[in-house]
Amino acid sequence: MSASNNINITLKVWRQKNAQSKGQLESYDLKNVSTDSSFLEMLDQLNEELINEGKSPVTFDHDCREGICGACSLYINGRPHGPGNRVTTCQLHMRSFKDGETIYVEPWRAAAFPVIKDLMTDRSSFDRIQHAGGYVSVNTSGNTQDANALPIEKENADKAFDAATCIGCGACVAACKNASASLFVAAKVSQYALLPQGQVEAKDRVLNMVKQAQKEGFGPCSNTGACEVECPKGISLENIARMNREYLAASLSK
Amino acid sequence: MSLDSKIPEGPLKDKWTNHKNNIRLVNPANKRNIDIIVVGTGLAGGSAAATLAELGYNVKAFCYQDSPRRAHSIAAQGGINAAKNYQGDGDSTYRLFYDTIKGGDYRSREANVYRLAEVSANIIDQCVAQGVPFARDYGGLLDNRSFGGVLVSRTFYAKGQTGQQLLLGAYSAMNRQIAKGKIQMYNRHEMLDVVLVDGKARGIIARNLVTGEIERHSAHAVVLGSGGYGNVFFLSTNAMGSNVTASWKAHKKGAYFANPCYTQIHPTCIPVHGTQQSKLTLMSESLRNDGRIWVPKKLEDAQAVREGKLKPVDIKEEDRDYYLERRYPSFGNLVPRDVASRAAKERCDAGFGVVNNDTKEGVFLDFSSAILRYGKEEANVKGIENPSDEKIKELGKKVIENKYGNLFEMYQQITDENPYETPMKIYPAVHYTMGGIWVDYNLMTTVPGLYATGECNFSDHGANRLGASALMQGLADGYFVLPYTIGDYLADDIRTGPIPTDSKEFEEAENKVTDELNKLINNNGSKSVDYFHKKLGLIMWNKVGMARNEKGLKEAIQEIAELREEFYKDVRVPGELNELNQELEKAGRVADFLELGELFARDALEREESCGGHFREEFQTEEGEALRKDDSYTYVAAWEYTGKPSEAVLHKEDLKFENVELKTRSYK
Ligand SMILES: Cc1cc2nc3c(=O)[nH]c(=O)nc-3n(C[C@H](O)[C@H](O)[C@H](O)COP(=O)(O)OP(=O)(O)OC[C@H]3O[C@@H](n4cnc5c(N)ncnc54)[C@H](O)[C@@H]3O)c2cc1C
Ligand code: SF4
Ligand code: FES
Chain A
10 MSASNNINIT
20 LKVWRQKNAQ
30 SKGQLESYDL
40 KNVSTDSSFL
50 EMLDQLNEEL
60 INEGKSPVTF
70 DHDCREGICG
80 ACSLYINGRP
90 HGPGNRVTTC
100 QLHMRSFKDG
110 ETIYVEPWRA
120 AAFPVIKDLM
130 TDRSSFDRIQ
140 HAGGYVSVNT
150 SGNTQDANAL
160 PIEKENADKA
170 FDAATCIGCG
180 ACVAACKNAS
190 ASLFVAAKVS
200 QYALLPQGQV
210 EAKDRVLNMV
220 KQAQKEGFGP
230 CSNTGACEVE
240 CPKGISLENI
250 ARMNREYLAA
260 SLSK
Chain B
13 MSLDSKIPEG
23 PLKDKWTNHK
33 NNIRLVNPAN
43 KRNIDIIVVG
53 TGLAGGSAAA
63 TLAELGYNVK
73 AFCYQDSPRR
83 AHSIAAQGGI
93 NAAKNYQGDG
103 DSTYRLFYDT
113 IKGGDYRSRE
123 ANVYRLAEVS
133 ANIIDQCVAQ
143 GVPFARDYGG
153 LLDNRSFGGV
163 LVSRTFYAKG
173 QTGQQLLLGA
183 YSAMNRQIAK
193 GKIQMYNRHE
203 MLDVVLVDGK
213 ARGIIARNLV
223 TGEIERHSAH
233 AVVLGSGGYG
243 NVFFLSTNAM
253 GSNVTASWKA
263 HKKGAYFANP
273 CYTQIHPTCI
283 PVHGTQQSKL
293 TLMSESLRND
303 GRIWVPKKLE
313 DAQAVREGKL
323 KPVDIKEEDR
333 DYYLERRYPS
343 FGNLVPRDVA
353 SRAAKERCDA
363 GFGVVNNDTK
373 EGVFLDFSSA
383 ILRYGKEEAN
393 VKGIENPSDE
403 KIKELGKKVI
413 ENKYGNLFEM
423 YQQITDENPY
433 ETPMKIYPAV
443 HYTMGGIWVD
453 YNLMTTVPGL
463 YATGECNFSD
473 HGANRLGASA
483 LMQGLADGYF
493 VLPYTIGDYL
503 ADDIRTGPIP
513 TDSKEFEEAE
523 NKVTDELNKL
533 INNNGSKSVD
543 YFHKKLGLIM
553 WNKVGMARNE
563 KGLKEAIQEI
573 AELREEFYKD
583 VRVPGELNEL
593 NQELEKAGRV
603 ADFLELGELF
613 ARDALEREES
623 CGGHFREEFQ
633 TEEGEALRKD
643 DSYTYVAAWE
653 YTGKPSEAVL
663 HKEDLKFENV
673 ELKTRSYK
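Protein sequence lines, in the order shown, are assigned to chains A and B. Just so you know, we're using the working numbering here: the first sequence kicks off at 10 and counts up by one. Just so you know, we're using the working numbering here: the second sequence kicks off at 13 and counts up by one.
Rather than coming from a laboratory, the hints here were simulated on the basis of the structure. All C-beta atoms in this analysis are idealised placements derived from N, C-alpha and C, irrespective of residue type, glycine included. Don't take every hint at face value.
Simulated restraints, written as ranges between beta carbons of each label pair [claimed, not checked]: (1) B/538 with A/14: 27 to 35 Å; (2) B/321 with A/33: 46 to 54 Å; (3) B/25 with A/261: 42 to 50 Å; (4) B/101 with A/205: 50 to 58 Å; (5) A/61 with B/106: 29 to 37 Å; (6) B/106 with A/14: 34 to 42 Å; (7) A/62 with B/546: 30 to 38 Å; (8) B/643 with A/157: 30 to 38 Å; (9) B/510 with A/33: 40 to 48 Å; (10) B/321 with A/61: 34 to 42 Å; (11) B/106 with A/94: 28 to 36 Å.
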């Protein structure tokens, strides 16, 4: 590992008891944070101290700590997933911060992602968008054709894969001034639009998923591209363009 | 109770087909009157929930995350096996079966493993139909790679994100059923007990993790797909929330726990950085297709590397010890995981470790040869004449990036070192648990109506799991096995009607759960939950880890019991029961780990042989290889709970090998 050292930091952390209460930023000084620690390990350290002092630890979502489950979701110094590009909060390391630095830690802010407690938000709206069409209607019976009976052009297969790597974290929404979920919806729509398996239901899928996103209170897309910049998986804006084409074609033919 | 594995009669290759033809079915109209609870939405639980709902049952699915899509299966990297023989390299159902039995060191059931191999090909068809974007070659056909312990290429993959893509496939199948109202999804819910009525599993007690409310849920059968228990070691590659609670509560209600000591220590993980470490990160086994593992030949070089005075790239070829290639020429870097892990430990114990941390543990995983090899190939393909070394490297790096890009990125994020330029440093870490709840051929536990699927059962991997076979097993259980076998049991329930939740059984179970949680909350101790979890992890790693011996195991049993006592005296759980309380969630899980750990050590003590991931120092060959004792230990150890984990009662299920001959595994 690279040379590690310890730093002292000041944290301003959003504390909110529950969905109903009003929250506020609280300040904590934290000493001896190893620069090899991840951001969440730093919060573990803070929580350990809070517990030992008889205070209530900070609540935040996390699970895999490998940048793949999409649970972690912190707004750090005004950026979703903090400084650096293409990293999730759990992959952010303390070597990205300076000794003596003050770090602001807040939850995602969006009407469709209400705060549950402290830094944890409710992102079930994302699930409901997927219920509206994020699947291919094929039975899981196993009576399908041989997998290689359907060759798929590598270029499309690769693009579909790239779109499918979205982890559903919601950073795109948090980054957007309209709190639009376009990048997230487009990633799923694109994955299927690029694959032959997705064609049959393509029209309904895009119409229903977009409709559900609006119903959940996500805003419109005004093409600023902030989402792409903050997306930890590098989901490309091209997907939004593809979704718009699909949407237009579907609306005209319905 | 005697253990009946319910293995069907007949020749190995006909067992599953015959069984399916003979078991009872529930007609579609009656399925509508039957409720099934599925705990877990990983590959096993997610695929089971979707398929059961599709068949017509009413499914209630539970997970502790905020969405089924975040189950730990999402993190699987390297791939999924299937006996498709697309590469025409001689693969077959039999070969996959044989490799799995051998890889598991002859400690798994022939019939189960054969069935797994048999349905494996179907999994790929199914996933492709769902739109899972597997890697493809230029002809548009599916691509394969190799994993450890086998000599064919049968692993399907989606870069280093195979688990993610497969789970999103299962999640999409669930979404379709959620939209239809056939699955009721309970996110952020943790199951804290199974409820038995008249000896049958009829429901669960769950805590709503947002409100803190304790809830009763009933069903005609309960299916667990709650994952593995590697986190008993505190540090592992599992997700932070992965736990044994669902399995352990089932165990306490009568489900036997099988082979708890069979744990897989994965050879290629990023070494520990320091005391704040919260989890370990796997570098997929697929990297061993192209990476070569080595340590310096000279002790002084190893020391100089640790001190930062010598760069690995400056160590000459002849001064490097590619110890896997040296010891196992025929499998080389692709030996099974248990073998690779022990070999790394052996080198580090001898002082050749290259990482500068407390334990000096770490070896190199080097891609420089592969970069050159691929670079030359690419130059040929592209018709570049006399390419410069620079050009070759550049082309080679591109190929490596295409195959493993996200893993290399992840490595660099964590270590701040560029693996394209300098070898990765890796060390073994706890990764997977082959042991788990005992199930029969139908995946039913010893509690009627309670089933276990995926990593939480013990079924298919014996004493060591081959890479890319967990995903295969999870999906096989959930898509193709359980949905059939459960019908046989539920055929008796078509007239039962809804199971009421106001019975005394539900009330008692709920009260017990509430009492236990209140006890933790009101304990007013002085130490955090993590303090105990870390301590438990250290005992496990040092005494019940990669190498075990009688003395250490006895000490571990004692120390864990003492730690558990201290936990109940001195743990501090802040907050309330009736609110979102992550410390309380952790406390409950660690309480169960503290019991499991003891049984785990007891099982390891009882098994006086070395097999697969279970290595007893007393039982090894002169060359340091695992020494099995087939005469005495060719059985599954199934433990019955009686009150104290160390006093559990052992039941033996003898393993009969009728189709393969027991041999000493050799990868030389
Ligand atoms: C980093 C990593 C990489 C891996 N790579 C590979 C690979 O390349 N190939 C391969 O074959 N295998 C791989 N494995 C192993 C494989 O991923 C797992 O064995 C497999 O995904 C387990 O699936 P599962 O469905 O049994 O459980 P999990 O995916 O662990 O799911 C468990 C589910 O149970 C729920 N749950 C648990 N307890 C409770 C409770 N008390 N109440 C309610 N819900 C609960 C969770 O919320 C979750 O939904 C890897 C493992 C790791 C850690
Ligand atoms: S598109 Fe990117 S930012 Fe948005 S949810 Fe997916 S991974 Fe997260
Ligand atoms: S904790 Fe899973 S992506 Fe960060």
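How the hints compare with the structure:
Roughly 31 Å separates the CB atoms of residue 538 of chain B and residue 14 of chain A, a value that falls within the hinted 27 to 35 Å. About 51 Å separates the C-beta atoms of residue 321 of chain B and residue 33 of chain A, a value consistent with the hinted range of 46 to 54 Å. Evaluation of the 42 to 50 Å hint for residue 25 of chain B and residue 261 of chain A yields a failure: the beta carbon distance comes to about 55 Å. Checking the proposed 50 to 58 Å range against residue 101 of chain B and residue 205 of chain A shows it is violated: the Cβ atoms sit about 28 Å from each other.
The beta-carbon spacing between residue 61 of chain A and residue 106 of chain B, approximately 58 Å, falls outside the hinted interval of 29 to 37 Å. Between residue 106 of chain B and residue 14 of chain A the CB atoms are about 56 Å apart, so this pair departs from the stated range of 34 to 42 Å. Taken as a hint, the range 30 to 38 Å is violated for the pair residue 62 of chain A and residue 546 of chain B, whose Cβ atoms sit roughly 19 Å apart. A beta carbon spacing of about 46 Å between residue 643 of chain B and residue 157 of chain A contradicts the range 30 to 38 Å that was offered as a hint.
Checked against the given bound of 40 to 48 Å, the beta carbons of residue 510 of chain B and residue 33 of chain A, roughly 47 Å apart, stay inside it. A C-beta distance of roughly 40 Å is found between residue 321 of chain B and residue 61 of chain A, which places it inside the suggested range of 34 to 42 Å. Evaluation of the 28 to 36 Å hint for residue 106 of chain B and residue 94 of chain A yields a failure: the beta carbon distance comes to about 49 Å.
Taken one by one, the earlier hints fail for this structure at numbers 3, 4, 5, 6, 7, 8 and 11, listed in ascending order.
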